[in-house]
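There are 2 protein chains.
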Amino acid sequence: MSGLRRAAARAWGPPRALRAFSARPRDRIVETVGKLLQTKAQLETEEGKKNFILKTPKGTQDFSPKQMAIREKVFSTIINCFKRHGAEVIDTPVFELTETLTGKYGEDSKLIYDLKDQGGELLSLRYDLTVPFARYLAMNKITNIKRYHIAKVYRRDNPVMTRGRYREFYQCDFDIAGQCDPMIPDAECLKIIHEILSALQLGNFLIKVNDRRILSGVFAACGVPESKLQAACSTVDKLNKMTWEDVKNEMVGEKGLAPEAADLIGEYVQLHGGLDLVEQLLQDPKLSHNKLAGEGLRDMKLLFEYLMLFGILDKISFDLSLARGLNYYTGVIYEAVLIQQQNDRVEELVDVGSVAGGGRYDGLVGMFDSKRQKVPCVGVSIGIERIFSIVNCKVKASKEKIRTTETQVLVAAPQKHFLAARLKLISELWDAGIKAEMLYRENPKLLKQLHYCEDTGIPLAAIIGEQELKDGVVKLRDVATRQEVDIPRQKLLEEIRRRLES
Amino acid sequence: MSGLRRAAARAWGPPRALRAFSARPRDRIVETVGKLLQTKAQLETEEGKKNFILKTPKGTQDFSPKQMAIREKVFSTIINCFKRHGAEVIDTPVFELTETLTGKYGEDSKLIYDLKDQGGELLSLRYDLTVPFARYLAMNKITNIKRYHIAKVYRRDNPVMTRGRYREFYQCDFDIAGQCDPMIPDAECLKIIHEILSALQLGNFLIKVNDRRILSGVFAACGVPESKLQAACSTVDKLNKMTWEDVKNEMVGEKGLAPEAADLIGEYVQLHGGLDLVEQLLQDPKLSHNKLAGEGLRDMKLLFEYLMLFGILDKISFDLSLARGLNYYTGVIYEAVLIQQQNDRVEELVDVGSVAGGGRYDGLVGMFDSKRQKVPCVGVSIGIERIFSIVNCKVKASKEKIRTTETQVLVAAPQKHFLAARLKLISELWDAGIKAEMLYRENPKLLKQLHYCEDTGIPLAAIIGEQELKDGVVKLRDVATRQEVDIPRQKLLEEIRRRLES
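Quick note, the sequences are listed as chains A and B, same order. Per our numbering, residue 69 is the first one in the first sequence, and the count goes up by one each step. Per our numbering, residue 69 is the first one in the second sequence, and the count goes up by one each step.
One chain only, chain A, in its complex shape (with noise of 0.2 angstroms):
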């Protein structure tokens, strides 16, 4: 437009077509494109406004009462386990200097969701809790703590919706940093799981545990170059949803690698057991070679131990397939699957999916420290949207009714002109604690009053009308038996209090 306006603005004489009508050719130029850029301005802003799509940005969501009743339930119970493990709670930005992620993600690094340069720093959204919590303990030279922390991650992920891929989600983390004995952090972190996995009911579970040194033992040990380990590590982690010929196939067509040392490979990471596995390799003569592995290994025997003073070690596979993408890891790995039997056979479990997951990441924290200063650092993250999904479903399959409000007392009146003492009434109740509503009408009909008790779940119905302001009481209704009782007004909070006690 403003070019539009300059060409104008630098025609000293009106084009030959213009000149016969006007008395003074330039102002009726600029009359006419003013007019005329005008009309554009009114059509863009119209086809804007039709064009105007009322969404939220791809891959995220809105969450309802009803969702939002559901997803405090959940995080109530992970927050309750965090805190019952001893967790102290922190909060980082949403947002980081986009060089504090940058080579902590490994291939998932595409991934990173940019914001646009506005002041001079290069910022990204967070992509987990992991990398930022890193970030604190070295930039407050913090060596030691337990803490959780939740809250929401960004991915500018293909959002799968319908598969629960969003590019806007919640995480849930636990983490233990600090200098500690080996595997006894480790230990509570699979724990934690348990207790949160069995507490939510969501059917049957598998916890999966390896360690990053038995892979990286594994791998050298099948004579795969230093070089090509992360990137055969993260071939391995998609044996959950490949079958082992399709991920051979990548591992010698897309990384690289010999067929040989792929079949090599194959035939360890298509292991998974308990500790007679750990037991079995740590007398292979491939693997007692390598000094990772062997501390891998013993450090599993060790793990399995505590498991087992923990009574969780029905729940716990040791299984070579595991190797989890991220590049952080540096030695326990562990994933949470949810299983179901299928066609009621015990033995064919099918795996629908990770719901937690987390390792041992002791070189994080040192990356950002001048003096590559180590934290030790162990962490359980819950896939939480996942969860949701299967607690919402369970929800709608029971027919469940959610309260999305914990209102206690609707505040009513049977007959009009009654609005200054609801609004005194409600009052009172306010400011005793008492969790009441009323409806924003001056005289509304008591049937609506009562149906909206009965639709949202209030129990209780305190009615006050001519008769009652006469006699100095309260009606008391009890919503669901409909029961109605006098109470001098004096002894209302007390006799609701009672009432919702019992």
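There may be inaccurate statements among the hints.
Pairs involving identical chains hold if they fit within one copy or between any two copies, as the list cannot separate such chains.
[To be verified] Below, in silico cross-link-like pairs of lysine-lysine (DSBU-like), each with a Cα-Cα straight-line distance of 30 angstroms or less:
1. Lys220 - Lys151
2. Lys209 - Lys369
3. Lys151 - Lys141
4. Lys209 - Lys309
5. Lys126 - Lys354
6. Lys484 - Lys359
7. Lys503 - Lys151
8. Lys369 - Lys296
9. Lys220 - Lys141
10. Lys484 - Lys369
11. Lys123 - Lys151
12. Lys209 - Lys464
13. Lys323 - Lys184
14. Lys559 - Lys383
15. Lys469 - Lys209
16. Lys442 - Lys516
17. Lys134 - Lys442
Since the hints were derived computationally from the structure, they do not count as laboratory data.
Using the hints provided, position chain B relative to the given structure of chain A.
Relative to chain A, chain B alone:
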């Protein structure tokens, strides 16, 4: 780099200087260039690492466990109040389509924070929770809801962290949407502010109330043209920070109002009082000719009547200087300020700053509806960051010790080789829902374990050693009194619960 490499590949013959040293000149060049590039990359990485600044983005902050403990206390006071008034909770994404936010914030629009275009959608971080709420209502055709929403919002403001102005901060919003009889929900919003500020014990406060319709009437009566109304409004809003002289200068100089109009406005906007002022203005012939002003004043009278029934009139001031900057307000507006008495003279109250605000916005939802269907709304937003800094100061001054965990029992051992016993015992406590911790060491010193209780405020220690194991008991220690009692193992949970309740 790839340009350099390509240039090297294009040169079929080696440059003169290299020719003498190489048997296969092309290989030699490629090798040399490769080495140079490697050195360059290494230097860049090292420089990058050196220049990396460990910080949160400008205008954002981390919250430590101690800060979070204080925040959670304040949040719970606020949430309790919102729930007491029957509110549901919703959540919306952190970013919206940029279009959704455009044209809603008047002069403040320049502070909206944009995301990089990544996937064809222009997105911005939410500026407040009100516009997303309106978008949510229109999108889901909701015409009736009472909800609260506590979440972070974003302003590309020049951060003044010391004065509590951030680029990322929390808002706590409560809103009532739907057709209601006049001023009933509006009065409830003021009651909510009163309840929250009273409960938080921040000191004396005052809730200023005005009405956009009254302001419009005043401006019209003083001869301000419709087109300059918004500009005049946002200038008047600065009266709490600037003298009337400065406000007048801005009106005349920057906003182009006639000096006589400004003088007339000055006579009105410096008025404040109670119901008497409302009555007085209702008699003002200049205002009574204005339809909007008449409506606003009659509603203000009604509001005062309801606030009297709520018993909160003493904290309310009808203040004609209150304008509030945002475009979307259409009716009643309010703002709560903390006040301090200067020099012990009650008359001179100093405005310490706004801690809550809100108002009626009947047109906002309609802006998102293709049929322009209106949903009347009124709401309140709690200025939580300022409240936190006040509470923080109070906590610091009182030297009160803030616990950052809720741990009830530390599981300890007095001798070496009791890790297994500790793990077994703590597992029992966790399974019974008791909040328990232990040190992550195989053989910690007893003194260290007891110090940990004292440092973090854990009230009980459950001690298990050789003698206890033999006797089938656990030594329960009261950390404060240092008293120890042997409790039979099967009675331990019961005894712990009994002690925690008392």
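How the hints compare with the structure:
1. For the homomeric pair Lys220 and Lys151, the shortest alpha-carbon distances inside one copy (20 angstroms) and between copies (24 angstroms) are both at most 30 angstroms.
2. In this assembly of identical chains, Lys209 and Lys369 lie within 30 angstroms of each other by CA distance neither inside one copy nor across copies; the values are 33 angstroms within and 58 angstroms between.
3. Within a single copy, Lys151 and Lys141 get their C-alpha atoms as close as 15 angstroms, and across copies as close as 15 angstroms, so both meet the 30 angstroms cut-off.
4. In the homo-oligomer, the alpha carbons of Lys209 and Lys309 never lie at most 30 angstroms apart, since the shortest distance is 40 angstroms inside one protomer and 40 angstroms across protomers.
5. When the C-alpha separation of Lys126 and Lys354 is checked against a cutoff of 30 angstroms, the pair qualifies neither within a copy, at 49 angstroms, nor between copies, at 52 angstroms.
6. Within a single copy, Lys484 and Lys359 get their C-alpha atoms only as close as 85 angstroms, which misses the 30 angstroms cut-off; across copies the closest is 29 angstroms, which meets it.
7. In this assembly of identical chains, Lys503 and Lys151 lie within 30 angstroms of each other by CA distance both inside one copy and across copies; the values are 27 angstroms within and 7 angstroms between.
8. For the homomeric pair Lys369 and Lys296, the shortest alpha-carbon distance inside one copy (28 angstroms) is at most 30 angstroms, but the shortest distance between copies (77 angstroms) is not.
9. Taking identical chains as interchangeable, the C-alpha atoms of Lys220 and Lys141 lie at most 30 angstroms apart whether they share a chain (17 angstroms) or sit on different chains (22 angstroms).
10. Only between protomers do Lys484 and Lys369 lie at most 30 angstroms apart by alpha-carbon distance; the minimum there is 21 angstroms, versus 76 angstroms within a single protomer.
11. Taking CA atoms no more than 30 angstroms apart as the test, Lys123 paired with Lys151 passes between copies only; the shortest distance there is 28 angstroms, against 37 angstroms inside one copy.
12. Within a single copy, Lys209 and Lys464 get their C-alpha atoms only as close as 48 angstroms, which misses the 30 angstroms cut-off; across copies the closest is 22 angstroms, which meets it.
13. Neither within a single protomer nor between protomers do Lys323 and Lys184 lie at most 30 angstroms apart by alpha-carbon distance, with minima of 34 angstroms and 32 angstroms respectively.
14. Taking the shortest alpha-carbon separations for Lys559 and Lys383, only the inter-copy value of 29 angstroms comes in at or below 30 angstroms, while the best intra-copy value is 54 angstroms.
15. Taking the shortest Cα distances, Lys469 and Lys209 sit within 30 angstroms of each other only across copies (22 angstroms), while inside one copy they are farther apart (49 angstroms).
16. Proximity of Lys442 and Lys516 under a CA criterion of 30 angstroms is satisfied inter-copy only: 23 angstroms between copies versus 65 angstroms inside one chain copy.
17. For a Cα distance limit of 30 angstroms, the shortest separation of Lys134 from Lys442 across copies, 24 angstroms, qualifies, whereas the shortest one inside one copy, 44 angstroms, does not.
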